[in-house]
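**Student:** When you get a sec, could you build the whole thing from the sequences and use the hints?
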Amino acid sequence: DQQVKQNSPSLSVQEGRISILNCDYTNSMFDYFLWYKKYPAEGPTFLISISSIKDKNEDGRFTVFLNKSAKHLSLHIVPSQPGDSAVYFCAASDFSGNTPLVFGKGTRLSVIA
Amino acid sequence: DSGVTQTPKHLITATGQRVTLRCSPRSGDLSVYWYQQSLDQGLQFLIQYYNGEERAKGNILERFSAQQFPDLHSELNLSSLELGDSALYFCASSREFTSGRDTQYFGPGTRLTVL
Numbered sequence: 248d249q250q251v252k253q254n255s256p257s258l259s260v261q262e263g264r265i266s267i268l269n270c271d272y273t274n275s276m277f278d279y280f281l282w283y284k285k286y287p288a289e290g291p292t293f294l295i296s297i298s299s300i301k302d303k304n305e306d307g308r309f310t311v312f313l314n315k316s317a318k319h320l321s322l323h324i325v326p327s328q329p330g331d332s333a334v335y336f337c338a339a340s341d342f343s344g345n346t347p348l349v350f351g352k353g354t355r356l357s358v359i360a
Numbered sequence: 135d136s137g138v139t140q141t142p143k144h145l146i147t148a149t150g151q152r153v154t155l156r157c158s159p160r161s162g163d164l165s166v167y168w169y170q171q172s173l174d175q176g177l178q179f180l181i182q183y184y185n186g187e188e189r190a191k192g193n194i195l196e197r198f199s200a201q202q203f204p205d206l207h208s209e210l211n212l213s214s215l216e217l218g219d220s221a222l223y224f225c226a227s228s229r230e231f232t233s234g235r236d237t238q239y240f241g242p243g244t245r246l247t248v249l
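Top line first, the protein sequences correspond to chains S and E.
This note's numbering numbers the first residue of the first sequence as 248 and each following residue consecutively.
This note's numbering numbers the first residue of the second sequence as 135 and each following residue consecutively.
Please keep in mind that the hints were generated in silico from the structure rather than gathered at the bench.
Among these hints, one or two may not hold up.
To be verified - Simulated restraints, written as ranges between beta carbons of each label pair:
{"id": "1", "chain 1": "S", "residue 1": "359", "chain 2": "E", "residue 2": "186", "range": "41 to 49 Å"}
{"id": "2", "chain 1": "E", "residue 1": "204", "chain 2": "S", "residue 2": "263", "range": "46 to 54 Å"}
{"id": "3", "chain 1": "E", "residue 1": "161", "chain 2": "S", "residue 2": "307", "range": "22 to 30 Å"}
{"id": "4", "chain 1": "E", "residue 1": "217", "chain 2": "S", "residue 2": "321", "range": "35 to 43 Å"}
{"id": "5", "chain 1": "E", "residue 1": "191", "chain 2": "S", "residue 2": "249", "range": "17 to 25 Å"}
{"id": "6", "chain 1": "E", "residue 1": "249", "chain 2": "S", "residue 2": "305", "range": "41 to 49 Å"}
{"id": "7", "chain 1": "E", "residue 1": "207", "chain 2": "S", "residue 2": "288", "range": "19 to 27 Å"}
{"id": "8", "chain 1": "S", "residue 1": "307", "chain 2": "E", "residue 2": "148", "range": "44 to 52 Å"}
{"id": "9", "chain 1": "S", "residue 1": "307", "chain 2": "E", "residue 2": "214", "range": "45 to 53 Å"}
{"id": "10", "chain 1": "S", "residue 1": "261", "chain 2": "E", "residue 2": "203", "range": "45 to 53 Å"}
Source: prediction; values computed, not measured.
Even for Gly, the Cβ is constructed at its ideal location relative to N, Cα and C.
**Tutor:** In structure tokens form, the structure reads like this:
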């Protein structure tokens, strides 16, 4: 049973437009969420995180929104750049921080120039 | 460059064989994590070590084992290999032991192909 779901395997966006990547979770114990970005032949790299006490966290062009009631989070990239083309993984953990991260299957973002 | 190194980058072997994957964490990091990424799957957590001790265990098969040495490098041993074990194996490291909160830094992965 997948506890973290990224239902869109891929997404194409034009350069300069907004990219919105979505993630749903089922475990109500999750209260800390992260996004990782992965380029081919490299390991994932941490991008941005959000705690459940917030509903938004912003870092430059990247903003993560959290809707706890819907158990949904999204990553917005504005404006999208060709260098953003990568696979994006959503991950979650519970409040204790002691259980391992649970990752989604990832969404492949292609930013077209 | 995350500072986490993994060797080898690629490994091709036959069913029934045994292999060892190696990981060196970032300088100063005490936790090491192992993940498996099969085709079209997310990262599946296998096991975590903190300062030489097993800290958390995921869906790791009994045929797989790991250890973390005094110099903090870690090895993942995969035995009696099956075709389904073909995957990317990632190692990650972090400063502390709270895997859910601590930023994890990933190595480039080892691609294992079992023929």
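**Student:** Given a hint of 17 to 25 Å, does the C-beta separation of residue 191(E) and residue 249(S) actually sit inside it?
**Tutor:** At roughly 19 Å between Cβ atoms, residue 249(S) and residue 191(E) fall inside 17 to 25 Å, so the hint holds.
**Student:** Could you see if the CB distance from residue 307(S) to residue 214(E) stays within 45 to 53 Å?
**Tutor:** Roughly 47 Å apart at Cβ, these two residues keep to the hinted range, so it holds.
**Student:** Just tell me: holds or violated, for the beta carbon distance of residue 207(E) and residue 288(S) against 19 to 27 Å?
**Tutor:** Since the Cβ atoms of residue 207(E) and residue 288(S) sit about 22 Å apart, the hinted range of 19 to 27 Å holds.
**Student:** Just tell me: holds or violated, for the beta carbon distance of residue 217(E) and residue 321(S) against 35 to 43 Å?
**Tutor:** holds, 37 Å
**Student:** Does the hinted range 44 to 52 Å hold for residue 307(S) and residue 148(E) at CB?
**Tutor:** Roughly 48 Å apart at Cβ, these two residues keep to the hinted range, so it holds.
**Student:** Please check whether residue 249(E) and residue 305(S) have a Cβ separation lying inside 41 to 49 Å.
**Tutor:** Roughly 47 Å apart at Cβ, these two residues keep to the hinted range, so it holds.
**Student:** Would you say the C-beta atoms of residue 261(S) and residue 203(E) sit inside 45 to 53 Å of each other?
**Tutor:** Given a distance of about 49 Å, which is inside 45 to 53 Å, the answer is holds.
**Student:** Okay, residue 204(E) versus residue 263(S) on CB: inside 46 to 54 Å?
**Tutor:** holds, 52 Å
**Student:** Should the hint that residue 359(S) and residue 186(E) are 41 to 49 Å apart at their CB atoms be regarded as holding?
**Tutor:** Holds, at about 48 Å.
**Student:** Check the following: the C-beta atoms of residue 161(E) and residue 307(S) are separated by a distance inside 22 to 30 Å.
**Tutor:** holds, 27 Å
This entry satisfies every hint, going by the numbered hints stated previously.
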